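**Student:** Residue numbers (my numbering), protein chains in the order written: chain A, 1 to 587; chain B, 1 to 325; chain C, 1 to 265.
Think of the hints as simulated: they come from the structure by calculation, not from any bench.
These figures come from a predicted structure and were not determined experimentally.
Hints are supplied without guarantee of correctness; some may be wrong.
[What the hints assert, rightly or not] Non-contacting residues of chain A with respect to chain C, defined by C-beta distances greater than 12 Å in every case (computed):
#, residue
1, Glu-54
2, Glu-57
3, Gln-204
4, Gln-206
5, Ser-220
6, Ala-306
7, Asp-370
8, Ala-387
9, Asn-527
[To be verified] With a cut-off of at most 25 Å between alpha-carbon atoms, the simulated SDA-like pairs for lysine to any residue come out as follows:
#, chain 1, residue 1, chain 2, residue 2
10, B, Lys-290, C, Ala-247
11, A, Lys-35, C, Met-197
12, C, Lys-108, C, Pro-222
13, C, Lys-229, B, Phe-89
14, B, Lys-310, A, Pro-390
15, C, Lys-260, B, Ser-233
16, C, Lys-201, A, Ser-338
17, C, Lys-229, B, Asp-126
18, B, Lys-217, C, Gly-184
19, B, Lys-310, A, Asp-47
20, C, Lys-89, B, Gly-147
21, B, Lys-298, C, Glu-261
22, C, Lys-257, A, Gly-298
23, C, Lys-91, B, Arg-146
24, B, Lys-317, C, Ala-247
25, B, Lys-138, C, Arg-16
26, B, Lys-310, C, Ala-247
[As the list claims (entries may be wrong)] Simulated coverage check for chain A against chain C, where a stretch passes if three residues somewhere in it have a Cβ under 8 Å from a Cβ of chain C:
#, region
27, 40 to 49
28, 78 to 90
The beta-carbon is built from N, C-alpha and C at its ideal position, and this holds for glycine as well.
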Amino acid sequence: MAKEVTELKKGGSFLIEETAKEDVFTPEDLSEEQKMIREMTEQFVEDEVVPQQEQIENKQWDVTRNLLRRCGELGLLGIEVPEEYGGENLDKISSMIVSEKLGRVASFAVTYGGHSGIGTLPIVYFGAEEHKRKYLPLLCKAEKISAYALSEASSGSDALSAKTTAVRSADGSHWILNGEKMWITNAAFADMFVTFAQATQGDQKQFSCFIVEKDYPGVSTGAEEHKMGLKGSSTRTLVLDNARIPIDNVLGEIGKGHHVAFNILNMGRAKLAAGAVGGSKTALNASIAYAKQRVAFGKPISSFGAIKQKLAEMAVRTWITEGMVYRTAGLMDRRLESVDVKDPKQVLKAIEEYAVECSILKVFASEVLDFVVDEAVQIHGGFGYSAEYPVERYYRDSRVNRIFEGTNEINRLLIPGMLLKRASSGQLPLHAAVRSVMDEVMSAGIGNEPSGPFARERSGVKQAQKALLLVAGSAIQRFRDSIRDEQEVLMHISNMVMDVYAMDTAVCRLMKNSGELHADVVSTFMNDAIADIKFSGRQVLAATGDGDTLRIQLSALRRLLRWTPVNTVGARRRIAEHLIDHGVYAL
Amino acid sequence: MIFVITEHRDNKLKSITSEALVFAQRVGQDFGQPVTAVVLGANVSGLADELKTKKIDRVIVAEHPDLAEYSPDRYVEALKTILGNEKPFLVIVGHTTQGMDFAPRLSVSLRRPLIAGCVEYEKQGDRLILTRQVFNAKMNMKTGVRGESPYFATASPGAFQADELQSGGNAEIVSVAVQFSGPVRRKLVERVEAPRGMVDLSAAPIIVAGGRGLKEKDNFKIVFELAEALGASVGASRPVVDSEWLPREYQVGSSGQTVSPKLYFAVGISGAIQHLVGMQTSRCIVAINKDVEAPIFKVAHYGIVDDLFKVVPALTKIFKDLKVS
Amino acid sequence: MKIISCIKPVPDPASRLIINESKTWIKDNDLTFVASEADNYALEEALRLKEKHQGDVAILSMGGDEAARVLRSGLAMGADRAIHLLDPKFKGADEFAAAETLAKAIEKDGGADLVLAGVQSDDLGTGMTGVMLAEFLGYAHATVVIGVEADPAAKTLKVKRELEGGINETVELPFPAVLTIQFGINQPRYASLKGIMAAKKKELKAWSAADLGLSDNLVGKPGAMYEVKEVFVPERKSRVEIITGTAEEAAAKLVEKLRKEAKVI
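Make a model of the complete structure from these sequences and hints.
**Tutor:** As structure tokens, this is what we get:
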């Protein structure tokens with residue numbers, strides 16, 4: 001990792017600045033240690049998890065628990081836990097690496113994340129000293145397994161409206177919890193639950209977080225959910241029936257449960273994206289292998305353009321997402337270098353700086369994974385629909401990624417919402433950028449074109465930024481503060497923001513590690529992303545203006561997004577041939 | 001002069017010796033060089049008599065009580081004496097555990113080249129080019145030895161056909177006295193048959209052997225099912241045993257059992273040389289493997305390039321049906 | 001007990017090997033290198049002996065960045081220190097030159113009670129370097145080792161070896177000794193995250209040919225005892241008959257051939 005910190009990049013700044021390639025950490029920049037962590041995790045998954053996948057999918061929880069224990073021995077459970085509590089306290093890039101590699105085994109990855117992520121980190125960041133000493137060393141070794149209990153049957157995305165109550169016992173020694181939490185990962189074998197409930201006094205309800213041990217009186221779990229996928233991860237309800245929780249088991253403060261609930265989500269979303277990258281690579285590898293050996297009309301189907309096109313597009317989107325994941329982790333790590341890592345508040349604040357990027361990752365990566373597993377099934381034909389081949393499972397396992405850790409709709413709404421908040425609080429000079437773009441395009445100019453190496457790609461990114469600012473500016477002008485009610489418009493804007501982040505990251509990665517094949521990948525992606533940006537932009541403009549204004553804006557948009565198409569047929573063919581030649585995703 | 005250092009145990013020549021002699025006879029003819037076989041041991045005159053009948057020029061016998069059991073220190077010392085008195089061109093040793101135990105020491109001690117694992121040679125002018133295997137027999141390498149002779153070479157098992165050994169000679173038997181001054185550092189404590197339990201594959205007429213291509217332990221059941229349908233025994237390649245899918249006694253290959261059944265199924269076995277030497281003399285070899293490049297197809301008579309998880313159950317079904325009818 | 005474990009970097013077995021332009025080796029510039037598989041067993045055995053008897057495990061490797069990489073992995077697995085034989089002059093060494101260079105390094109390090117190496121490498125694969133190393137050092141040796149018992153007080157070893165044909169033998173030999181370790185003798189550990197992070201702080205020293213006092217004609221290509229004339233993929237003896245069709249068809253055809261043509265069933 002480059003130590004010479006130039007200037008810490010603000011979250012969201014990719015929308016208004018030209019990114020220097022040095023500011024983008026790429027998967028090619030991994031340190032020797034990070035590479036070793038990658039190899040170790042890969043080996044662990046290959047040697048120990050994959051061979052037991054059938055048992056895992058059959059809900060043999062002893063196998064799962066043993067594997068968690070092995071993770072503990074290898075140090076994989078304490079990546080984000082300080083050393084004094086038995087963890088390793090590693091960088092976020094390393095954390096992404098581990099999540100990516102575990103993404104190959106989706107059920108176990110969710111178990112792992114439920115325990116070491118959302119099950120453990122609330123204690124790291126919000127636990128009192130006694131909590132940390134009591135629980136973290138055990139959690140790092142998987143001697144205790146943790147779970148996270150936020151959702152309820154009637155509250156998912158609106159978690160704060162939970163109905164579970166917590167009332168002080170008459171003698172003041174305990175909290176008495178009543179209610180039922182839903183979708184609790186690891187519930188079957190968890191020893192403790194990070195549980196959210198409304199601390200209730202009279203009419204006053206205060207959303208709060210509690211550590212609930214399984215053996216406390218009144219704590220039980222329901223039956224296993226029959227899920228579409230992730231059948232090897234346990235999901236049950238947590239039933240709290242006059243559950244008696246010691247008074248000291250409050251995580252954070254009474255009434256500040258939302259801090260716990262929301263601050264954990266950023267890293268969770270980023271790690272979900274990393275896992276999705278791992279899942280995409282896995283499904284792609286299975287597809288390459290199948291396409292090479294499946295013969296139709298006397299030839300392996302990998303020799304057909306229709307299949308090549310699919311393989312290439314799966315690889316392109318995977319490569320793009322991978323770049324975004326590691327860039328974001330790199331941003332966090334850089335910022336974390338300048339804070340006191342012993343102070344959880346500072347750590348969380350550093351991570352929160354990139355909350356927009358985390359939401360982008362979550363949405364983008366989960367949708368790429370869904371695209372990839374869908375194409376994987378398609379390439380496998382009838383066999384893809386049969387449980388005999390693993391892609392059938394990949395397909396089912398993928399789907400929930402668009403639902404949990406904040407639905408993609410919630411995250412799509414959060415992206416512009418958070419950006420506007422950062423703009424109005426002065427953290428991001430968004431409004432100035434919007435104004436300058438509006439002035440520029442209205443005066444029919446399109447500004448200075450970048451020159452030098454990769455000028456075309458850099459110019460594409462710059463113009464896309466401007467297009468986005470133009471469209472967003474027009475929407476803000478039209479709706480003002482009520483824009484938060486215009487969900488359709490916000491979602492379109494979100495799509496544009498994601499594409500800009502994706503393109504910007506890809507171009508910087510290409511500039512850092514230029515190669516013919518990567519140039520093909522980037523131009524293929526940009527070709528389609530710019531078309532998508534144009535599509536979303538037109539929708540928003542048409543919804544915000546009419547008549548001459550609309551005409552002028554549409555023509556400005558067209559001018560900005562002028563992009564001579566590249567020969568994506570040829571590019572995808574070259575990419576596919578490279579994949580087929582190597583037999584695996586090897587970009 | 002070409003020397004072959006013979007290998008024997010329990011007063012019997014090992015088959016690698018015949019292979020090494022074939023190698024020597026061929027090089028000898030091409031280069032116009034006489035062939036000498038060297039026997040080190042105690043009370044080995046019977047072996048010398050046997051070697052004498054081969055088409056070679058001389059048998060050197062060095063007998064000493066210290067040579068009754070093989071010892072690298074003693075072999076190196078004895079051979080230094082014997083070779084020192086001569087002007088060998090090429091010294092051929094079997095590429096076996098024993099051969100590779102002393103030949104490298106000899107090579108270093110005389111500072112002469114050793115080309116190990118030779119499968120072929122060629123004559124380029126008056127130069128000897130030795131071909132050896134590299135990358136687990138996936139590739140071959142032609143090497144030109146440097147400097148003055150003698151050159152050392154070890155003959156890869158199976159590379160030279162023992163049945164091509166020419167007889168009809170009447171070699172001179174020469175006894176050489178050897179004396180030892182150095183210590184014997186490594187001492188044999190015991191030699192035992194590796195525990196092999198119930199499985200003795202040496203007499204099995206049909207063997208179904210599985211390899212890494214089966215992916216995991218539980219999948220081995222399809223191998224057992226095919227074997228049962230065929231009335232065959234089950235074997236395994238080394239990686240299977242190393243991963244503890246099956247006990248060591250199932251292993252076929254250089255460090256396991258050497259087998260020669262009339263029918264050998266290699267299921268998901270890529271065919272590392274260590275495996276091939278243990279089964280390549282089987283009368284009929286069937287290879288089932290997804291990878292058409294797998295070396296097993298080099299020794300197989302019939303091959304199916306497809307997913308073994310489909311082919312093997314299909315075979316099992318056919319044999320079961322045959323049994324019923 | 002002082003143990004030195006030798007590690008050879010070889011192309012990752014998963015990689016596709018392509019012969020280079022001059023047909024003298026494979027194209028190795030953009031391959032990933034890993035420790036030769038048998039060397040992992042050797043290092044694991046070294047670590048276990050250390051855990052049992054105390055002492056020091058050093059690892060030794062020759063080569064460029066790829067050697068540094070396998071050494072760092074070895075340190076992460078638990079070796080105490082590493083010696084990197086780093087010199088462009090070492091390039092092109094055969095087994096003989098490699099063994100002499102390794103021997104000089106071990107001598108410079110003050111010798112060892114025990115030197116371990118894998119039974120054979122995944123590239124050249126002849127299993128001779130370890131034995132040559134023993135001769136250069138003047139140490140006793142045992143090959144194809146499947147079990148090691150050390151008695152550091154008596155400075156002796158009891159070693160089980162695997163011979164052909166399912167025979168095992170037990171031998172005794174004195175310190176110092178070189179053992180070449182057979183695959184499967186143990187289950188090599190993974191580096192843990194703690195191990196990986198600790199590796200950064202461990203000693204990794206680099207020695208050149210000059211540091212070892214080796215003249216140019218003894219190392220690398222000039223020190224090799226043979227020159228590589230050609231590396232090639234051997235032609236398949238194409239006697240194999242590939243049976244085609246769906247799995248069921250191929251199976252049926254095969255059975256027919258085994259009965260009618262080969263007459264083995």
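**Student:** A separate judgement is required for each hint: does it hold in the structure or not?
**Tutor:** Going down the list of hints, with the structure as the test:
{"no.": "1", "hint": "Glu-54", "verdict": "holds (22 Å)"}
{"no.": "2", "hint": "Glu-57", "verdict": "holds (24 Å)"}
{"no.": "3", "hint": "Gln-204", "verdict": "holds (45 Å)"}
{"no.": "4", "hint": "Gln-206", "verdict": "holds (39 Å)"}
{"no.": "5", "hint": "Ser-220", "verdict": "holds (35 Å)"}
{"no.": "6", "hint": "Ala-306", "verdict": "holds (22 Å)"}
{"no.": "7", "hint": "Asp-370", "verdict": "holds (28 Å)"}
{"no.": "8", "hint": "Ala-387", "verdict": "holds (18 Å)"}
{"no.": "9", "hint": "Asn-527", "verdict": "holds (28 Å)"}
{"no.": "10", "hint": "Lys-290(B) to Ala-247(C)", "verdict": "holds (11 Å)"}
{"no.": "11", "hint": "Lys-35(A) to Met-197(C)", "verdict": "holds (12 Å)"}
{"no.": "12", "hint": "Lys-108(C) to Pro-222(C)", "verdict": "holds (22 Å)"}
{"no.": "13", "hint": "Lys-229(C) to Phe-89(B)", "verdict": "holds (20 Å)"}
{"no.": "14", "hint": "Lys-310(B) to Pro-390(A)", "verdict": "holds (16 Å)"}
{"no.": "15", "hint": "Lys-260(C) to Ser-233(B)", "verdict": "holds (22 Å)"}
{"no.": "16", "hint": "Lys-201(C) to Ser-338(A)", "verdict": "holds (23 Å)"}
{"no.": "17", "hint": "Lys-229(C) to Asp-126(B)", "verdict": "holds (15 Å)"}
{"no.": "18", "hint": "Lys-217(B) to Gly-184(C)", "verdict": "holds (16 Å)"}
{"no.": "19", "hint": "Lys-310(B) to Asp-47(A)", "verdict": "holds (24 Å)"}
{"no.": "20", "hint": "Lys-89(C) to Gly-147(B)", "verdict": "holds (20 Å)"}
{"no.": "21", "hint": "Lys-298(B) to Glu-261(C)", "verdict": "holds (19 Å)"}
{"no.": "22", "hint": "Lys-257(C) to Gly-298(A)", "verdict": "holds (23 Å)"}
{"no.": "23", "hint": "Lys-91(C) to Arg-146(B)", "verdict": "holds (18 Å)"}
{"no.": "24", "hint": "Lys-317(B) to Ala-247(C)", "verdict": "holds (12 Å)"}
{"no.": "25", "hint": "Lys-138(B) to Arg-16(C)", "verdict": "holds (11 Å)"}
{"no.": "26", "hint": "Lys-310(B) to Ala-247(C)", "verdict": "holds (6 Å)"}
{"no.": "27", "hint": "40 to 49", "verdict": "holds (count 3)"}
{"no.": "28", "hint": "78 to 90", "verdict": "holds (count 4)"}
Checked against the numbered hints listed earlier, the structure breaks none of them; every hint is satisfied.
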